[in-house]
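Visitor: So the chains spell out like this:
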Amino acid sequence: MKNKEIVVISGKGGTGKTSVTASLAFLAGNEAVIADCDVDAADMHLLLMPDLAHSEEFFSGQTASINNALCTNCGLCQSICRFQAISNSNDNYVINKIDCEGCGYCARICPSGAIKMEDSHTGSLHISNSRMNNTLVHAELQIAAENSGKLVTKVRQEAKRIAKETNTEYIIIDGSPGIGCPVVASITGTSFVVIVTEPTVSGYHDLSRISELVKKFNIKMGCVINKSDLNTQLTYQIKEFLISNNIELLTELPYDNVFTKAITAGKTVVEYATKSVIESNLAKCWDKIKIGVQ
Amino acid sequence: MNIIFAVQNNDGWDSIISLKYGRAKGFFCYSQETDELTYYSNEENQNAGHGAGINAAQIAINQKASVVITGGSMGPKAFEVLNKANIKMFTQAGEVSVLVAYSNFKDNKYNQVLASDK
Amino acid sequence: MKIAIASGKGGTGKTTLSTNLAAYISETISNDSNGQVVLVDLDVEEPNSGLFIKGNILKDEYKYRATPVWDSNKCTLCGECKTICNFNAIAQLPNTILIFSELCHSCFACSELCPEQALPMVDKRMGVLKHYQQAGNLPNNDKLTFIESRLDIGEISAVPLIKQTIEYVEDNFSDEIIKIFDSPPGTSCPVIETIKDADFVILVTEPTPFGLHDLKLAVETVKELGREFAIVINRYGIGDNGVEQYCLENNIQIIGKIPNMRQAASLYSQGELLYDKIPAIKEQLVLIYQAINRINR
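Protein chains in written order, with my numbering: chain H, 1 to 294; chain D, 1001 to 1118; chain G, 2001 to 2297.
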């Protein structure tokens, strides 16, 4: 059975992407493997309570380091570094690891061979059992790490492998924000993209940017309009936009502080607001996604 | 001619073809002239942030390969490099052994890709 | 004086605070020669401040980064460049050198180490910087300038554009002038570039478990960079008091608590500033501005 990968993205932050994804994870239960690809600010674990059954360190790119015993203080490295990553204090040349880009130029030209390139520890990846009877693959980037999308790709690969091994039908991905490489790595090869938006000028602006990006990948799109009663005029404009761009309107959710109450209670909104319009709308949304992804 | 197989392990003709090209664990180069099967590790590409496909394609170029066979899709960068080097690409071979893949290739069971299929 | 407004999590209200604070300060600041505020949108992948702050465009310039091009006449196909490049941006074909400029980090190594000087560096466009004058709500307000940079789609790194935008601001405005940097979300390289030389960092958060979790990452980041910082809690009143507890326990100053109000959300949704219509929010900006003035440079 081919695994069906569904990714939830939003362009801008704060639209409710993680709340929606966590609700879908709850509704799917053991029908899905969950992947948290928002590695710069991973939050899914706060609602899914993973047990961190398996963890591994992740390396990407390199960083230079100077062996002061071999260094003759010629300063050549500092003169060629384009990233101002080499400084001199008390006659000791030192690499600033945060600024070092890992190009290796300094290591290559050091006349005394005092500079070495080492693989950079960029983050950690975990495979956990969640409290929702499914597996959560999640990761976090180290501070100041380059978010190239490689860790995102690794999270997705692991989720895919697990789904295959356990014969699980769906993979639900909490995608990265923005429009750069991490988002591309979240989207590529998926069967359905869910865009969570809000009826604000920022939300609408970022919806059009992100949908342009997804169009290039030729993947089916659906949209959840969160806080839809906040600005009825903009909600109407967004719906028009969805129609003209062949994006399915999956559901609308009201502006309601029950979302925050749920998070604060450590629950997804479908668990917290049972028998509510929000719960039934999200349940219908999951059904539509399952149909859309066939 | 020389043929490159992207593989998941180093086990001679029994090695399993890799679904990934750029980040395959290694490559076997088979020379039809000398009947030699040589392994090239792709270790250094496991760590690359971007451009693993470019570097992996370079291995095929360095071995003067005419054909590359991989188990899954071929990414756009690897495709661009191999295409410009006039190396024929055969993708979606699946996770079969190198022996089976070579046999399938000789029986014309694989289609050459003319555009990146990722 | 450079004030960076950042957050671990996206959507906490960085842009809301940056735009409202910049506009408020520009209306309040004294009339002397330093009476100016510069708002800089450094969320170059998704700059949104321009939806709330309009002005008259003064300058519109492309920004470039250096990448190598192949001079086939000089090249001997030795392959050194391919070996040198640590980012897989160079491939060596039998008769060609192929350069993938989108992967190039502009380190200059291949260009400077090529024995034949066959890889000169040229400028490649990466984004656009726009400089607006007389920005903000008040007509003919000469005190607010707005600078926005936007990264071209397909560009891999935001860092060079952020760096050049900051340089532009430093070149055009003296040190004493208040500059407010609207940062990208998160704690990765673009954020580091934005805040690493800031005189003061304001971390915006929401009082929820998500907000607290990401705030801790942001605090770790500013501490690692040795920046002076304080917290502003946005949508104060929702969630729980976890953030306040955390700040108390860690001796972190909270310099503003912007109340959760549907009216604010509604105005924001329309692209409007908030402080001139909601006194409770203006009160908080007064406090935040006072805190800024107390900072010793």
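Keep in mind that the hints were calculated from the coordinates and are not lab data.
Values in this document were obtained by computation on a predicted structure and should not be read as measured data.
Certain hints may be false.
To be verified - Among chain H residues calculated to face chain G with C-beta under 10 Å, some are:
hint, residue
1, 16
2, 46
3, 53
4, 57
5, 69
6, 71
7, 75
8, 95
9, 113
10, 116
11, 273
12, 277
What the hints assert, rightly or not - In silico DSS-like cross-links for lysine-lysine, where the CA-CA straight-line distance does not exceed 30 Å:
hint, chain 1, residue 1, chain 2, residue 2
13, G, 2074, G, 2124
14, H, 116, G, 2277
15, G, 2282, H, 215
16, H, 160, D, 1064
17, H, 267, G, 2216
18, H, 261, H, 2
19, D, 1106, D, 1064
20, H, 97, G, 2196
21, H, 216, G, 2130
22, H, 116, D, 1025
23, H, 97, G, 2074
24, H, 261, G, 2277
25, H, 4, D, 1025
26, G, 2074, D, 1084
27, H, 97, G, 2054
28, G, 2163, H, 97
29, G, 2282, G, 2216
30, G, 2223, G, 2059
31, D, 1025, H, 160
As the list claims (entries may be wrong) - A short, non-exhaustive set of chain G residues, derived as facing chain H with CB atoms under 8 Å:
hint, residue
32, 2036
33, 2117
34, 2120
35, 2187
36, 2188
37, 2199
38, 2217
39, 2271
Positions of the beta carbon are idealized from the N, C-alpha and C atoms, including for glycine.
Visitor: The structure should be examined with respect to each hint, and the outcome stated for every one.
Guide: Results for each hint:
no. : hint            : in the structure
1   : 16              : 9 Å, holds
2   : 46              : 5 Å, holds
3   : 53              : 21 Å, violated
4   : 57              : 18 Å, violated
5   : 69              : 25 Å, violated
6   : 71              : 20 Å, violated
7   : 75              : 16 Å, violated
8   : 95              : 14 Å, violated
9   : 113             : 16 Å, violated
10  : 116             : 13 Å, violated
11  : 273             : 15 Å, violated
12  : 277             : 18 Å, violated
13  : G:2074 x G:2124 : 22 Å, holds
14  : H:116 x G:2277  : 58 Å, violated
15  : G:2282 x H:215  : 42 Å, violated
16  : H:160 x D:1064  : 34 Å, violated
17  : H:267 x G:2216  : 21 Å, holds
18  : H:261 x H:2     : 37 Å, violated
19  : D:1106 x D:1064 : 19 Å, holds
20  : H:97 x G:2196   : 13 Å, holds
21  : H:216 x G:2130  : 27 Å, holds
22  : H:116 x D:1025  : 25 Å, holds
23  : H:97 x G:2074   : 36 Å, violated
24  : H:261 x G:2277  : 28 Å, holds
25  : H:4 x D:1025    : 26 Å, holds
26  : G:2074 x D:1084 : 21 Å, holds
27  : H:97 x G:2054   : 39 Å, violated
28  : G:2163 x H:97   : 18 Å, holds
29  : G:2282 x G:2216 : 27 Å, holds
30  : G:2223 x G:2059 : 36 Å, violated
31  : D:1025 x H:160  : 18 Å, holds
32  : 2036            : 26 Å, violated
33  : 2117            : 16 Å, violated
34  : 2120            : 16 Å, violated
35  : 2187            : 5 Å, holds
36  : 2188            : 4 Å, holds
37  : 2199            : 18 Å, violated
38  : 2217            : 7 Å, holds
39  : 2271            : 4 Å, holds
Of the numbered hints stated above, those contradicted by the structure are hints 3, 4, 5, 6, 7, 8, 9, 10, 11, 12, 14, 15, 16, 18, 23, 27, 30, 32, 33, 34 and 37, listed in ascending order.
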